[in-house]
Amino acid sequence: MIKLQLPVGETQIRRLQVGDEVLLNGIMVTGRDAAHSWMIEEKPDEVRELLKNTMIYHCGPIVRKSGGTWSFVAAGPTTSIREEPYQGDIIGEYQVRGVIGKGGMGPKTLAALKKYGAVYLHAVGGAAALLAQAVVKVHDVIKLEEFGVPEAMWVIEVKDFPAIVTMDAHGNSLHKNIREQSTKIASRLIGIE
Amino acid sequence: MGFTLDVEKFRDAVVELIRRTSTNLPEDVLAAMETAREGEKDGSPAKSVLGFMLKNAYTARENSTPICQDTGTNIYLITIPEGVSLRKVESAIVDATREATKKTYLRPNAVDPVTGKNTGDNTGTMAPFLHFDEWDEPAIRVQLALKGGGCENVSDQYKLPDSRLKAGRNLDGVYRCIIDAINTAQGLGCAPGVAGIGIGGDRASGMIIAKKQLFRKLTDTNPDPELATLEKHLFHDLNKLGIGPMGFGGNTTVLGVKIGTAHRLPASFFVSIAYMCWADRRRSMVFKENEVSYD
Ligand code: SF4
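So the protein sequences, as listed, match chains A and B. Residues in the first sequence are numbered from 1 upward in steps of one, following this note's numbering. Residues in the second sequence are numbered from 1 upward in steps of one, following this note's numbering.
Extracted from the complex, chain A is given alone in its bound form:
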């Protein structure tokens, strides 16, 4: 287990390798489809400081508000590949050090991770209850009215949030490796090599 304190520097991120298990601590920001297209189309300055050297979490949470404060009830990762058209440019534009989601991403993002020094972290899909417990505080929320709860950008503080590096800054992708291996086995099983 590698502990990562956010914000995090480029050198530390470049040291990470595919297969590393990490625990994230500090402040990160959620974002899904609406947030990603907004960041590309309008290049909002209000999120620059926030995103610099931290992570974007692909997550549409279930939240609760009591006594004026928000808390996360369920907060697992959502499928990342939907952000493939935007992600690489966002990493460059906002100096993001990583994205967290599920399912991995494509070649454009992989190239951006290498170019700018960032990683793709895979959270455990469906483990919403436990991941929500790792969100110890909701600091702020951006675009709540316009985007709605799942799509808004939640600024959250996490403690020992677990994830695994599946795409690193050296051009490696665990997803690509596993797919190649399993496809070989599948072809052998059905005899169409």
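If you are wondering where the hints come from, they were derived from the structure by calculation, not from laboratory data. Glycine is no exception: its CB is placed at the ideal position from the N, C-alpha and C atoms. Among these hints, one or two may not hold up.
To be verified - Chain A regions said to be covered by chain B (calculated; three or more residues, Cβ under 8 angstroms):
no.	stretch
1	52-62
2	65-77
3	120-131
4	161-170
5	179-190
What the hints assert, rightly or not - Here chain A is said to cover these stretches of chain B; the calculated rule only asks that three of the stretch's residues, wherever they fall, bring their Cβ under 8 angstroms from a Cβ of chain A:
no.	stretch
6	44-52
7	68-81
8	104-118
9	173-180
10	228-241
11	272-286
Please build the complex by placing chain B with the ligand on the supplied structure of chain A, with the hints as guidance.
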């Protein structure tokens, strides 16, 4: 042996059913995951991920919070005694769905495909999805499954023959489709999943048969010996693919394979695969006039 429906009581019982389904994973699923965890190498991501999933499931049960934030399509199989009003049952379930959303057992998940607007309460056209049958008992049985979008997106339908897979119109052809479908899915449907399979039917009924398989217990045996053999064979071979939990590699790619059939037209042969994620949320209740029991 009459049965009079007390709509309000029934509605409350459905809210409780939704709570149980969303927050409490069935015992057979938990047991299958425990066994899978045992079977993974010490120190492997597969083992730690399965451990994390299990811990998540137990935490959700304890705190009565959703296992996964995607509470998915709400699929109901409802069996009613003769003479009970379908409309009353339906509107009670719709009300219960609204109430359960308010209580955060469900995330607002019903989006109008044209306007993009979320209804905010999980109700809409064909949402929740209801399927009715009738029986002789003086009771209503309600089975509920919550099926998320990630695993629905990797569900698939094949048309035999398929020349790429060299799949003919027979059980060997079915086998080939399923190997291909699970390999294509990789970890994206939150593996390890359960493969519900429908052989035959038309495109709609084939998929309904596939989805109905997801209501079977993982430990049951298919009453048709030929299908039982195919289920076992596929379970064994799919777990050789090495995709593993979340697609990180490992010995556990599926937790179960369940196959059903429907008569087809001479001209078509569909194989429908409904992939269900490890957060395999299904529960049922039997609602009698003065007693409700949950499973
Ligand atoms: S596929 Fe994954 S994210 Fe979707 S409902 Fe299942 S466990 Fe949750």
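Verification of the supplied hints:
Taking a C-beta to C-beta cut-off of 8 angstroms, the stretch 52-62 of chain A contributes 4 residues in contact with chain B, enough for the three needed, and the coverage statement holds. Note: the stretch 65-77 of chain A has 4 residues with beta-carbon separation from chain B under 8 angstroms; the three-residue rule is met and the coverage holds. For the stretch 120-131 of chain A, the stated coverage by chain B is satisfied: 9 residues place a CB nearer than 8 angstroms to a CB of that chain, which reaches the threshold of 3. Counting residues of the stretch 161-170 of chain A whose beta carbon lies closer than 8 angstroms to any beta carbon of chain B gives 3, which reaches the threshold of three, so the coverage claim holds.
As drawn, the stretch 179-190 of chain A meets chain B at 8 residues by the rule of a beta-carbon pair under 8 angstroms; at three or more, the given contact holds. Given a C-beta distance limit of less than 8 angstroms, the hint that chain A covers the stretch 44-52 of chain B holds, as 4 residues qualify and 3 suffice. For the stretch 68-81 of chain B, the assignment as covered by chain A holds, since 3 residues bring a beta-carbon within under 8 angstroms of that chain's beta-carbons and 3 suffice. Under the rule that three or more residues need a Cβ within less than 8 angstroms of chain A, the assignment of the stretch 104-118 of chain B holds, with 4 such residues.
Residue count for the stretch 173-180 of chain B with a Cβ under 8 angstroms from a Cβ of chain A: 4. That meets the three needed, and the coverage hint holds. Residue count for the stretch 228-241 of chain B with a Cβ under 8 angstroms from a Cβ of chain A: 3. That meets the three needed, and the coverage hint holds. Three residues within the 8 angstroms Cβ limit are the bar, and the stretch 272-286 of chain B against chain A gives 3, so the coverage statement holds.
Violated hints: none; the structure is consistent with every hint.
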